[in-house]
Amino acid sequence: MPRGDFLGSLEQIVMLAVMRLGADAYGMTVRREIEERTGREISIGAVYATLERLEAKGYVSSFTGEPTAERGGRAKRHFEIEAAGHEALNASQNALKNMSEGLSRRWKRA
Amino acid sequence: MSLSTLAASQWILARLMPPAQAEALIGDLLEERRLRLQAGSHVSVAGWYWRQLASSVPVLLWASMRRGAWLVSVVTAVASFIAAVGIMLVLQSALWPMTTSSFAHDVIMVLSFAAAAATCGCVAASIRLGAARLLAFLMFAAVCAEIATTQGGALWYKGLFLVLGPLATIAGAALSGRRRRVRL
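Those sequence lines, one after another, are chains A and B. Take 1 as the starting number for the first sequence in this note's numbering and just add one per residue. Take 1001 as the starting number for the second sequence in this note's numbering and just add one per residue.
This is chain A alone, in the form it adopts within the complex:
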């Protein structure tokens, strides 16, 4: 990951959802996982736009599954995290951890 190129908060959330879901990570499950864990309603368009951006950066890769009847004969697009994605996520999480270190008391006071 180039220096200074940290992941945005939505990018981190989407990548963590993909990581959690493993082999079952596709648009709908990623969207539902985020909604369930964060309590924040997110559009399927936002999920796809973020995944497209992450794929362009080489952090995520995708492959097309088999079409199914419950999807109107449309195929799923599965996502998985690449090695560069793991590295980027680690760097972003570490940066956040380092920045927030020792600030828990101040947070509690506020």
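Derived from the structure by calculation, the hints contain no laboratory data. Positions of the beta carbon are idealized from the N, C-alpha and C atoms, including for glycine. A portion of the hints provided could be inaccurate.
[As the list claims (entries may be wrong)] Not close to chain A: a few residues of chain B, all C-beta gaps over 10 Å, as computed:
| # | residue |
| --- | --- |
| 1 | Ala1020 |
| 2 | Gln1021 |
| 3 | Leu1029 |
| 4 | Leu1030 |
| 5 | His1042 |
| 6 | Ser1044 |
| 7 | Gly1047 |
| 8 | Trp1070 |
| 9 | Val1075 |
| 10 | Val1085 |
| 11 | Thr1099 |
| 12 | Ala1115 |
| 13 | Thr1119 |
| 14 | Thr1149 |
[Said to hold, decoys possible] Just the calculated beta-carbon pair ranges, DEER-fashion:
| # | chain 1 | residue 1 | chain 2 | residue 2 | range |
| --- | --- | --- | --- | --- | --- |
| 15 | A | Phe6 | B | Ala1008 | 36 to 46 Å |
| 16 | B | Ala1020 | A | Lys108 | 29 to 39 Å |
| 17 | B | Ala1083 | A | Phe6 | 42 to 52 Å |
| 18 | A | Ala56 | B | Val1074 | 20 to 30 Å |
| 19 | B | Ala1142 | A | Asn94 | 55 to 65 Å |
| 20 | B | Ala1014 | A | Ala56 | 33 to 43 Å |
| 21 | A | Arg106 | B | Ser1004 | 50 to 60 Å |
| 22 | A | Gly8 | B | Ala1145 | 35 to 45 Å |
[What the hints assert, rightly or not] Far from chain A, some chain B residues (derived; all Cβ distances over 12 Å):
| # | residue |
| --- | --- |
| 23 | Gly1027 |
| 24 | Val1045 |
| 25 | Gln1052 |
| 26 | Trp1062 |
| 27 | Leu1095 |
| 28 | Pro1097 |
| 29 | Val1107 |
| 30 | Ile1147 |
| 31 | Ala1148 |
| 32 | Leu1155 |
| 33 | Ile1170 |
| 34 | Ser1176 |
Given the structure of chain A, go ahead and fit chain B onto it with the hints provided.
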């Protein structure tokens, strides 16, 4: 929610993304809608569906602009429109002096307009299919503006241009698609 409104919403989404991505996204929406219908009412599911669509469109529109798809299509369509006007003027100025008959002049006007629209539709579609669609719309809008701002002339003659502009552009675009298939 009727089948036609579902199809219309899917048509909108398909315009904003590459085909493979659009297929997957629409499939996801349909799958979740189906799951929600098993647990909730039709009204609440329809509300969820339209909320998803309304919040997805701006994000996907922005993503498609970042991808450059829209910009290239718009620039190609506008450039093709300017080229079509140029071709039409050149053809008319070359053919006009050949005759003094007003009927022949009308025929020249119609033919040069159709030829310019078809040629530019073909070129625009070979660059980007969306550009040819946009060009057809520009042709229609330009003829509407022309009709609204000029007085006189037979209505059928004006109507002919209104239909011929988009039709010739689409015919040119179809020709480009056919040539591409033959090459493949």
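Structure-based check of all given hints:
1. Ala1020: 7 Å, violated
2. Gln1021: The claim is violated: glutamine 1021(B) sits with its nearest Cβ about 6 Å from chain A, within 10 Å.
3. Leu1029: 6 Å, violated
4. Leu1030: 5 Å, violated
5. His1042: 18 Å, holds
6. Ser1044: Nearest chain A Cβ is 14 Å from serine 1044(B), so the label holds.
7. Gly1047: The claim stands: glycine 1047(B) keeps its Cβ more than 10 Å from every Cβ of chain A (closest is about 12 Å).
8. Trp1070: 14 Å, holds
9. Val1075: 22 Å, holds
10. Val1085: At roughly 37 Å from the nearest Cβ of chain A, valine 1085(B) sits farther out than 10 Å, so the non-interface label holds.
11. Thr1099: 57 Å, holds
12. Ala1115: Given a closest Cβ separation of 41 Å, the condition holds.
13. Thr1119: 35 Å, holds
14. Thr1149: With a cut-off of 10 Å, threonine 1149(B) remains clear of chain A, as the shortest Cβ separation is near 40 Å.
15. Phe6(A) <-> Ala1008(B): 36 to 46 Å: 40 Å, holds
16. Ala1020(B) <-> Lys108(A): 29 to 39 Å: 49 Å, violated
17. Ala1083(B) <-> Phe6(A): 42 to 52 Å: Holds - the Cβ-Cβ distance for alanine 1083(B) and phenylalanine 6(A), about 46 Å, lies within 42 to 52 Å.
18. Ala56(A) <-> Val1074(B): 20 to 30 Å: At 22 Å between Cβs, range holds.
19. Ala1142(B) <-> Asn94(A): 55 to 65 Å: With Cβ atoms ~58 Å apart, the hint holds.
20. Ala1014(B) <-> Ala56(A): 33 to 43 Å: 21 Å, violated
21. Arg106(A) <-> Ser1004(B): 50 to 60 Å: 57 Å, holds
22. Gly8(A) <-> Ala1145(B): 35 to 45 Å: 44 Å, holds
23. Gly1027: Violated, since 3 Å does not exceed 12 Å.
24. Val1045: 14 Å, holds
25. Gln1052: 6 Å, violated
26. Trp1062: 7 Å, violated
27. Leu1095: The claim holds: leucine 1095(B) sits with its nearest Cβ about 50 Å from chain A, beyond 12 Å.
28. Pro1097: 56 Å, holds
29. Val1107: 50 Å, holds
30. Ile1147: 39 Å, holds
31. Ala1148: With a cut-off of 12 Å, alanine 1148(B) remains clear of chain A, as the shortest Cβ separation is near 37 Å.
32. Leu1155: 45 Å, holds
33. Ile1170: 28 Å, holds
34. Ser1176: 28 Å, holds
Hint check: violations occur at hints 1, 2, 3, 4, 16, 20, 23, 25 and 26; the rest are consistent with the structure.
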